[in-house]
Amino acid sequence: MILQDMIGSIALAGVSLVGLIFLVVISQAGKPADEAARTRAARAAGRLQGWVFAVLLLGFVGGSWATLRNLPIPVQDVELGADHVVEVVGGMWYWMISPDSVPAGSLVEFRVTSVDVNHGFALYGPEGRILAQTQAMPKYTNRLLVDLDTPGTYTVQCLEYCGIGHAPMKASFQVTAAGGN
Amino acid sequence: MASLVLYPDDERLPRAAGITLNFYLVTALVLFLAMMALGLGMRSSQAGWLGLPPDWFYRFLSLHGAGMVGTASLVTTAIMWFFLRKYVQLHLWAFVANYVLFIIGLWCIVLSVMAGSYAGLWTILYPLPVHSQGMWSREAGAIFMLGYLGIGMGQLLFYLDAAAGIIARYGNFSRALGLQWLFGGEIDQAHPKAVVASTGVLIANTLGLLAGTVALVMSLANAVYPSIELDPLLIKNLIYWFGHMYPNATIYMGCIAVYELLPRYTGKPFVMGRPFLWAWLATVLYVVLVFPHHLLMDFAQPRWLSVMGQLASWVGGFPVFVVTAYGALVNIHRSGIRWNMPARLLVLSMFGWMAGIVPAILDGTIAVNMVMHNTQWVPGHFHFYMLLGVLSMALAFMFHLVGQRHGQVPPDSGGDRGSLPVYLLGGLVFLFGFLGGGRTSVPRRMAQHIDAWTLTDRIGSIGAMLVVLAMLYFVVRLVIGLLRPVAQAAGDGDGLADAAR
Ligand code: HEM
Ligand SMILES: [Cu+2]
Numbered sequence: 001m002i003l004q005d006m007i008g009s010i011a012l013a014g015v016s017l018v019g020l021i022f023l024v025v026i027s028q029a030g031k032p033a034d035e036a037a038r039t040r041a042a043r044a045a046g047r048l049q050g051w052v053f054a055v056l057l058l059g060f061v062g063g064s065w066a067t068l069r070n071l072p073i074p075v076q077d078v079e080l081g082a083d084h085v086v087e088v089v090g091g092m093w094y095w096m097i098s099p100d101s102v103p104a105g106s107l108v109e110f111r112v113t114s115v116d117v118n119h120g121f122a123l124y125g126p127e128g129r130i131l132a133q134t135q136a137m138p139k140y141t142n143r144l145l146v147d148l149d150t151p152g153t154y155t156v157q158c159l160e161y162c163g164i165g166h167a168p169m170k171a172s173f174q175v176t177a178a179g180g181n
Numbered sequence: 182m183a184s185l186v187l188y189p190d191d192e193r194l195p196r197a198a199g200i201t202l203n204f205y206l207v208t209a210l211v212l213f214l215a216m217m218a219l220g221l222g223m224r225s226s227q228a229g230w231l232g233l234p235p236d237w238f239y240r241f242l243s244l245h246g247a248g249m250v251g252t253a254s255l256v257t258t259a260i261m262w263f264f265l266r267k268y269v270q271l272h273l274w275a276f277v278a279n280y281v282l283f284i285i286g287l288w289c290i291v292l293s294v295m296a297g298s299y300a301g302l303w304t305i306l307y308p309l310p311v312h313s314q315g316m317w318s319r320e321a322g323a324i325f326m327l328g329y330l331g332i333g334m335g336q337l338l339f340y341l342d343a344a345a346g347i348i349a350r351y352g353n354f355s356r357a358l359g360l361q362w363l364f365g366g367e368i369d370q371a372h373p374k375a376v377v378a379s380t381g382v383l384i385a386n387t388l389g390l391l392a393g394t395v396a397l398v399m400s401l402a403n404a405v406y407p408s409i410e411l412d413p414l415l416i417k418n419l420i421y422w423f424g425h426m427y428p429n430a431t432i433y434m435g436c437i438a439v440y441e442l443l444p445r446y447t448g449k450p451f452v453m454g455r456p457f458l459w460a461w462l463a464t465v466l467y468v469v470l471v472f473p474h475h476l477l478m479d480f481a482q483p484r485w486l487s488v489m490g491q492l493a494s495w496v497g498g499f500p501v502f503v504v505t506a507y508g509a510l511v512n513i514h515r516s517g518i519r520w521n522m523p524a525r526l527l528v529l530s531m532f533g534w535m536a537g538i539v540p541a542i543l544d545g546t547i548a549v550n551m552v553m554h555n556t557q558w559v560p561g562h563f564h565f566y567m568l569l570g571v572l573s574m575a576l577a578f579m580f581h582l583v584g585q586r587h588g589q590v591p592p593d594s595g596g597d598r599g600s601l602p603v604y605l606l607g608g609l610v611f612l613f614g615f616l617g618g619g620r621t622s623v624p625r626r627m628a629q630h631i632d633a634w635t636l637t638d639r640i641g642s643i644g645a646m647l648v649v650l651a652m653l654y655f656v657v658r659l660v661i662g663l664l665r666p667v668a669q670a671a672g673d674g675d676g677l678a679d680a681a682r
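Quick mapping for you: the protein sequence lines, in order, are chains H and L.
Residue 1 is where the first sequence starts when you use the numbering used here, and the numbers rise one by one after that.
Residue 182 is where the second sequence starts when you use the numbering used here, and the numbers rise one by one after that.
These are calculated hints, taken from the structure and not from any lab test.
The C-beta atom is built at its ideal place from N, Cα and C for all residues, glycine as well.
Just so you know, not all the hints are guaranteed correct.
[Stated by the list, open to error] Reference listing, derived: stretches of chain H covered by chain L, where coverage requires no fewer than 3 residues with Cβ under 8 Å from a Cβ of chain L:
1. 100-109
2. 125-136
3. 144-156
4. 162-175
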């Protein structure tokens with residue numbers, strides 16, 4: 001499943017769940033409880049609060065472990081062992097990318113920097129979704145590792161606002177079929 | 182403890198204070214509406230229904246971003262002032278000075294955008310404001326930043342006065358935050374939640390404003406003397422520290438209205454337990470540490486900072502889910518709440534805040550940020566808690582005040598009842614337009630969209646139209662309502678309010 005679709009579904013489920021909780025509580029809001037029921041409800045609410053905390057804590061620990069175990073940010077100051085290194089320079093309002101094509105099935109390191117203001121290097125797959133990104137910053141080089149398996153025409157789109165030429169600031173990047181070229 | 186009387190006597194303002202408050206509120210309403218109109222213009226333009234030229238799109242975007250965030254801060258500062266002044270001594274001059282400096286700052290921003298063609302966005306990310314490739318001048322960038330300096334100084338002045346008042350009354354911040362009750366001891370239920378929240382927000386936001394001030398002074402120095410070059414990564418950190426804290430502080434200031442007003446409408450006290458105090462302490466700490474989640478895609482940043490950014494973002498969900506929104510829900514549950522405009526809006530604001538956090542926390546996850554950063558997912562989540570959260574808090578507060586001026590009966594006309602669903606429905610459609618755009622990788626901050634992106638743009642635009650319509654009604658209704666003199670309670674104001682229940 002595409003990562004973005006998964007995230008979209010999780011968000012939709014989460015927002016709906018919150019909405020549902022509100023609807024349930026609102027449907028119960030208009031019926032005032034008597035004193036005894038109030039005391040009981042207050043105690044139940046306290047217990048439930050403990051459970052909510054416990055469940056969230058579990059989610060926090062588990063989720064953090066799962067999402068941070070393989071950090072998608074590579075260590076920046078070591079040899080990354082990529083099959084191909086692509087140098088990327090952003091400027092107002094162009095990309096210089098060399099080489100601008102790699103064979104499919106390679107692990108590619110993009111070394112991204114800028115000559116003027118902040119730009120954003122985003123790699124869109126042939127089907128039009130973002131695969132990975134990193135900032136293109138003056139005076140710094142960000143190194144991004146991407147597995148490129150599917151041949152096709154990829155698009156590099158600027159993703160950090162950089163002035164009037166920001167939206168058209170894009171370029172093509174080819175991933176060629178193995179054996180081709 | 183916050184009183185359960187709808188309109189207690191200690192909230193009757195002396196004349197000068199009442200006039201100042203009205204200046205704040207009416208200004209905020211007019212600005213909100215104007216900025217929304219710009220927002221609708223931008224969204225329709227992305228949808229292909231309105232052909233804003235790109236330079237105007239980015240000028241509007243700069244104005245909308247700065248204007249909305251500033252206005253949200255203006256109106257929630259009024260909320261904090263209104264309730265905090267009951268417990269500690271605040272000086273009217275500080276409240277007035279903040280307003281005056283805000284207006285001066287606002288005019289700098291408007292001048293810079295309208296006359297100087299500034300379009301470097303509200304984030305003033307170095308070196309763009311002084312490096313536009315001819316679209317605007319260095320001076321325009323500098324004036325925009327000077328405007329920020331004015332607004333920031335006003336806010337700091339207000340916090341300084343509030344800090345002095347709190348210390349005079351409670352001795353130190355620790356006691357004001359109720360830290361003496363963290364591990365034991367009977368919590369004094371008369372200790373105002375407004376004081377806990379105000380203390381927390383003023384500590385955290387003052388740090389953010391100081392970071393912003395340093396960034397501004399450095400950027401201004403560079404604007405005047407280009408030979409002074411800045412470290413782009415350092416200044417990015419400072420800017421996002423401020424840029425995260427300042428808008429988020431509006432939620433915490435606005436939330437004071439929920440603590441104070443919700444129990445009056447539910448008729449049930451909002452109990453302050455130990456979790457509440459822990460939650461506010463956690464909030465002050467995490468909110469200071471969370472800004473690196475804006476730099477997750479800056480790989481040159483030390484990796485531990487990015488990890489900390491993710492962890493802090495996730496931790497940020499706890500105080501809301503486990504304490505604030507939870508407490509509000511408990512307060513509503515089987516309370517026999519009286520549904521009227523303020524009550525509905527208060528409940529809506531809690532929903533907006535809590536629900537908006539879901540996509541926000543997802544985005545604060547490094548692996549997710551890799552594909553969602555700088556897409557429309559981001560305006561999707563922050564509009565969620567700003568529009569349905571903060572703005573609802575502000576509207577609830579104002580509708581409540583209108584009731585005070587109208588026979589001490591909270592508003593609940595047919596028009597009110599009809600416009601709120603339009604606002605909510607339009608809001609959700611507008612928000613899911615953005616979130617859907619993020620899902621399909623539509624970038625944020627773009628004047629021209631390719632055809633594949635316009636579907637969610639159009640959905641969002643339709644929602645935005647509904648929001649603007651509802652807001653137009655709210656603004657007219659509230660401005661008229663606020664400008665009435667406060668009703669003199671005939672004999673017993675509480676009796677009147679009771680009769681209306
Ligand atoms: C009818 C209501 C609103 C509409 C139609 C609207 C529309 C928009 C649009 C189209 C954008 C640009 C999205 C993009 O990046 O592609 C935007 C950005 C933004 N909006 Fe709104 N908005 C509304 C309400 C609000 C409110 C209530 C707030 C805050 C209190 C707010 C704060 C912002 C901020 C901070 C930005 C980011 C500016 C930037 O990217 O530099 N907006 N809005
Ligand atoms: Cu750009």
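Results for each hint:
Coverage of the region 100-109 of chain H by chain L is violated [criterion: at least 3 residues with CB-CB distance below 8 Å; count 0]. Counting residues of the region 125-136 of chain H whose C-beta sits closer than 8 Å to any C-beta of chain L gives 8, which meets the bar of three, so the coverage hint holds. Residues of the region 144-156 of chain H with a Cβ under 8 Å from some Cβ of chain L number 1, which does not satisfy the need for three, so the listed coverage is violated. Using a Cβ-Cβ cut-off of 8 Å, 7 residues of the region 162-175 of chain H lie near chain L, which meets the minimum of three, so the contact claim holds.
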